[in-house]
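Which chain is which? The protein sequence lines are A and B, in order.
In case it helps, numbering that gives the first Met the number 0 puts the first sequence at residues 0 to 83.
In case it helps, numbering that gives the first Met the number 0 puts the second sequence at residues 0 to 236.
For the record, the hints were derived by calculation from the structure and aren't laboratory data.
Don't take each hint at face value.
Stated by the list, open to error - Straight-line distance between alpha carbons at most 35 angstroms, and here's what the computed DSBU-like set of lysine-lysine pairs gives: (1) B:Lys104 to B:Lys133; (2) B:Lys132 to B:Lys104; (3) A:Lys74 to B:Lys221; (4) A:Lys74 to B:Lys133; (5) B:Lys132 to B:Lys221; (6) A:Lys74 to B:Lys132; (7) B:Lys133 to B:Lys221.
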Amino acid sequence: MTEDASILSCAQFQAQLPELIGSGENIAIHPHILGCQRCSALLADLETIAAAARQLFPIVEPPDELWNHIESAIKLEQDSLNRG
Amino acid sequence: MTHSRFPAQLPDPAPQTPEADMRSTAGESSVRPDNPPPASVAQSQRLDSIESDALARAQAGDHQAFSELYSLHKRRIYSLCLRMVGNTAEAEDLTQEAFLQLYRKIATFRGDSAFSTWLHRLAINVVLMQLRKKGLAVISLDEAMEPAQEERAGRSFGAPDITLAGAIDRMALERAVENLPAGYRLIFVLHDIEGFEHNEIASMLDCSIGNSKSQLHKARLKLRDALRIYPQQEGQR
Chain A
0 MTEDASILSC AQFQAQLPEL IGSGENIAIH PHILGCQRCS ALLADLETIA AAARQLFPIV
60 EPPDELWNHI ESAIKLEQDS LNRG
Chain B
0 MTHSRFPAQL PDPAPQTPEA DMRSTAGESS VRPDNPPPAS VAQSQRLDSI ESDALARAQA
60 GDHQAFSELY SLHKRRIYSL CLRMVGNTAE AEDLTQEAFL QLYRKIATFR GDSAFSTWLH
120 RLAINVVLMQ LRKKGLAVIS LDEAMEPAQE ERAGRSFGAP DITLAGAIDR MALERAVENL
180 PAGYRLIFVL HDIEGFEHNE IASMLDCSIG NSKSQLHKAR LKLRDALRIY PQQEGQR
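Just chain A, same shape as in the assembly (with noise of 0.2 angstroms):
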């Protein structure tokens, strides 16, 4: 980073979010964090919604008969194929 992190305005800081937030740093010690509660709260805020999704929105379990559906589609399909 060229710029001096501490005197970034929060639209330059912001620019940079989506970047710093992907690398995996520890953006909370970031200097404009730590200086700017509205880019703090910004963070805390996305943090927050990743959580949820993770918390609320778990992988889920496909019907069991749907292995069935597919397996009649495929059959079909096989036949057409082989019919010709």
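Position chain B against the provided structure of chain A, taking the given hints into account.
This is chain B only, laid out in the frame that chain A set:
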């Protein structure tokens, strides 16, 4: 901003250069079947091995092996479909179509990318085609990269007293996710719900890693706006 342009259907996922293989990236899990996150490297390797074995047999026409691949990946594919379309009946149809596509194309998988990434790409195409058929307002990935008018104007998000208060109601989040434009929703589902890394998403969607990060960020900002109980405030430091 209109969202009439549909995310272009992605090209078939089969041909990829060895350079596009993201599996060697540090910290990335290439194969992530439906099971919960692996507790150990050994367990992860065992799952990889089970998948590789089933894949090789399925490519040789072994129907039982295909059902094993289905078992390994059905939850994540179904969950992706469900989060993208919002109802179970449609999600089942889309999951079925995705696995039918897999059955038709499995012989063309060359192993240049992780199988899970390749399969998700198939499924994403199926989902996007369905959204297109329904004529839903969807946003293209290219469009999603373009900042909206208000963002170009230098909008600053949030103020010290405007926060989500640390708790989010499931229904509210569900609604907010459903209301995201499809391009944003897709990235959010893939990253924040399904747990894919940006390099995997970039490979699935034929976009750059930077685009994936940027689009995810915009999706979260839109969700934040939708979830905030306080009125938006503009401000610059």
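Do the hints match the structure? See the list:
no., hint, result
1, B:Lys104 to B:Lys133, "holds, 25 angstroms"
2, B:Lys132 to B:Lys104, "holds, 22 angstroms"
3, A:Lys74 to B:Lys221, "violated, 44 angstroms"
4, A:Lys74 to B:Lys133, "holds, 28 angstroms"
5, B:Lys132 to B:Lys221, "holds, 25 angstroms"
6, A:Lys74 to B:Lys132, "holds, 26 angstroms"
7, B:Lys133 to B:Lys221, "holds, 23 angstroms"
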